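Protein chains in written order, with the working numbering: chain S, 1 to 260; chain G, 1 to 337.
Keep in mind the hints are simulated off the structure, nothing from the lab. These numbers were taken from a predicted model, which means no experiment stands behind them. Some hints here could point you the wrong way.
[To be verified] Computed footprint of chain G on chain S, listed as stretches where at least three residues anywhere in the stretch have a Cβ under 8 Å from a Cβ of chain G:
(1) 93-99
(2) 107-121
(3) 197-208
Ideal Cβ placement from N, Cα and C applies to all residues, glycine included.
Single-letter residue listing:
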Amino acid sequence: MDVPVVDIQDLGFSYGEAVVLHDVGMQVRRGQVFAIVGPNAAGKTTLLRCMERVLRPTTGVVRFEGRDTRTLSARELSRTVAVVPQAHAPVFPYTVQEVVLMGRNPHVGVGSAPGPADVEKAREALAALDMLELAGRPYTQLSGGQLQLVLLARALAQEAEVLLLDEPTAHLDFRNRYMVLDRIRGLATGRGLAAVMTVHDPNDAMQYADRVGLLGEGGLVATGTPEEALTAERLGALYHMPIEMLTDGSRRVIVAGGRG
Amino acid sequence: MRERRYGWTVAALWAAVVAILLLSLCVGRYAVPPGTVVRVLLARLFPITPAWDGTVETVVWQVRLPRVLAGALVGASLAAGGAVFQGLFRNPLVSPYVLGVSSGAGFGAAAAILLGASAIVTQASAFAMGAVAVLLTMFIARFGRDRSQVTLVLAGFVVGSLFSSLISGAQYVADPATRLPQIVFWLMGSLASAQWGDLGRAAAVIIPCLVAVTVLRWKVNVLSMGDEEARSLGENPAEMRLLLIGLTTMATAVSVSLAGVIGWVGLVVPHLSRWLVGPDARRLVPASMAVGALTMMLIDDVARTLLTAEIPLGILTGIIGAPVFAVLLQRRRSGWE
Numbered sequence: 001m002d003v004p005v006v007d008i009q010d011l012g013f014s015y016g017e018a019v020v021l022h023d024v025g026m027q028v029r030r031g032q033v034f035a036i037v038g039p040n041a042a043g044k045t046t047l048l049r050c051m052e053r054v055l056r057p058t059t060g061v062v063r064f065e066g067r068d069t070r071t072l073s074a075r076e077l078s079r080t081v082a083v084v085p086q087a088h089a090p091v092f093p094y095t096v097q098e099v100v101l102m103g104r105n106p107h108v109g110v111g112s113a114p115g116p117a118d119v120e121k122a123r124e125a126l127a128a129l130d131m132l133e134l135a136g137r138p139y140t141q142l143s144g145g146q147l148q149l150v151l152l153a154r155a156l157a158q159e160a161e162v163l164l165l166d167e168p169t170a171h172l173d174f175r176n177r178y179m180v181l182d183r184i185r186g187l188a189t190g191r192g193l194a195a196v197m198t199v200h201d202p203n204d205a206m207q208y209a210d211r212v213g214l215l216g217e218g219g220l221v222a223t224g225t226p227e228e229a230l231t232a233e234r235l236g237a238l239y240h241m242p243i244e245m246l247t248d249g250s251r252r253v254i255v256a257g258g259r260g
Numbered sequence: 001m002r003e004r005r006y007g008w009t010v011a012a013l014w015a016a017v018v019a020i021l022l023l024s025l026c027v028g029r030y031a032v033p034p035g036t037v038v039r040v041l042l043a044r045l046f047p048i049t050p051a052w053d054g055t056v057e058t059v060v061w062q063v064r065l066p067r068v069l070a071g072a073l074v075g076a077s078l079a080a081g082g083a084v085f086q087g088l089f090r091n092p093l094v095s096p097y098v099l100g101v102s103s104g105a106g107f108g109a110a111a112a113i114l115l116g117a118s119a120i121v122t123q124a125s126a127f128a129m130g131a132v133a134v135l136l137t138m139f140i141a142r143f144g145r146d147r148s149q150v151t152l153v154l155a156g157f158v159v160g161s162l163f164s165s166l167i168s169g170a171q172y173v174a175d176p177a178t179r180l181p182q183i184v185f186w187l188m189g190s191l192a193s194a195q196w197g198d199l200g201r202a203a204a205v206i207i208p209c210l211v212a213v214t215v216l217r218w219k220v221n222v223l224s225m226g227d228e229e230a231r232s233l234g235e236n237p238a239e240m241r242l243l244l245i246g247l248t249t250m251a252t253a254v255s256v257s258l259a260g261v262i263g264w265v266g267l268v269v270p271h272l273s274r275w276l277v278g279p280d281a282r283r284l285v286p287a288s289m290a291v292g293a294l295t296m297m298l299i300d301d302v303a304r305t306l307l308t309a310e311i312p313l314g315i316l317t318g319i320i321g322a323p324v325f326a327v328l329l330q331r332r333r334s335g336w337e
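Excised from the complex, chain S in its bound form (with noise of 0.2 Å):
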């Protein structure tokens, strides 16, 4: 067996005497997709920002390919782990490929900017999302869907072996989140990375996940498989209302009961 890409041992963050984590352990391998799902205020994001190093935690492990990530150097740890935002708020009207071709930073020395090299990797990082005609496209002008796959690119450009998405579907209608969750599924399965992302709807998680982590107040209730981990009784007591859980014999859908 090979070493998880992503391993976390007894994780645990406290803003001063506020404990958000405790006892977290989750490993993600190659070609996974690990889905964190819980209510507002679980500690979805702040267990995302303990692995991208923006918080530091109070106790516990990051590994990433058995590596502690406090012995990273910003640089080093930019190029093993690559994070696509919730939140983008564009300033500038920089082109599509501008924008990937930030993704090379990581790459790219003190003193200089990007080659003829990086500017083909971040056409073929737009090309692996169908995203290459928009190349000339100022970023600005793009939908939300179309932008969340901009920084899904930017991402891919950093030739990290590990994503970390912020809720990639917060700010999507119904057509763009099936379609960006369909190209994370892509990415991880056809290129081998260690996909981690929050998740809202534990639909989502359901339908595109391989792994699940259930947390509530601070820790994680169940992992395993979408089916292992996400049952009716659980979600019915993380989120304090009925679930039902609805099949055609092959997929699940959970939906709020209790109505009749």
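Given the coordinates of chain S, assemble chain G onto it according to the supplied hints.
Frame of chain S, contents of chain G only:
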């Protein structure tokens, strides 16, 4: 295609810089034909027998050339500073003066003039106080609740206000017959007194700063994504920003100490340049330098030819800059949304 268009734009800009430089050597109270100007310049390099008056030599070589070059240098420095600051602060409305360097330098000059100091001491005092003002801004921002760029801009505003009051104080106590006009004239900006020595001292600081900014300019793109994203892209935003602010502020402080407080160039020229070459700092910074240089030379030409008396530069840049900026805003072509 875009690359090729950019190539032509840059070639055209630098050709314009050279053309306007030559034009600027011709115009003035004592007009010199372009052919003579070129021959006077070439005579420095090649053994050409002078067929012109000694006055021509003095006007072109001793009076106009240092002045025109100083204008180009100041314009390039302010415009590049503006382009870098707008990217770093993710705000298209900031200029290189936003951290209080101009008010600080203004006070430094006013205080020196008040004490009857020589031109060179006035310059040194302006530079020193400009640097003090920016350091004070940085110092105050460190106590801010969050270390965001907004705090830094607000701190710059506070420090700028403080030094503006001190300038007013200096003007209030200045002898209205002798010192006061000198202070007012300095504050409005002028290249009239720029000589080879001044130019050399300024260039010795500004050119290395501009070269360093040019080398680092792609990082401005990365930082303009915001600190959090810059960090996840492997950059240390605080360190890189400090370095870039240091370099641009140094160039700005020297520019102000040489030419006084010239407003608008650092704000408007980056917008014009963004309209020409787009927002990518790899193109924007060099383009801003070229546009800044030629803008400053043209404005200085107007300043010394329009009326019999020289018009202070700050007045002209305001009169020209404000409507240009208004048009850019109205057209939404200024390169930001």
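Now the hints, each set against the structure:
1. Proximity of the segment 93-99 of chain S to chain G, defined as three or more residues with a beta carbon under 8 Å from a beta carbon of that chain, is established by the 4 residues found.
2. Beta-carbon proximity to chain G at under 8 Å applies to 6 residues in the segment 107-121 of chain S; the threshold of 3 is reached and the given coverage holds.
3. Coverage of the segment 197-208 of chain S by chain G is violated. Counting CB-CB distances below 8 Å, 0 residues qualify, and the rule asks for three or more.
In summary, the structure is inconsistent with hint 3 from the numbered list given earlier, while agreeing with all the others.
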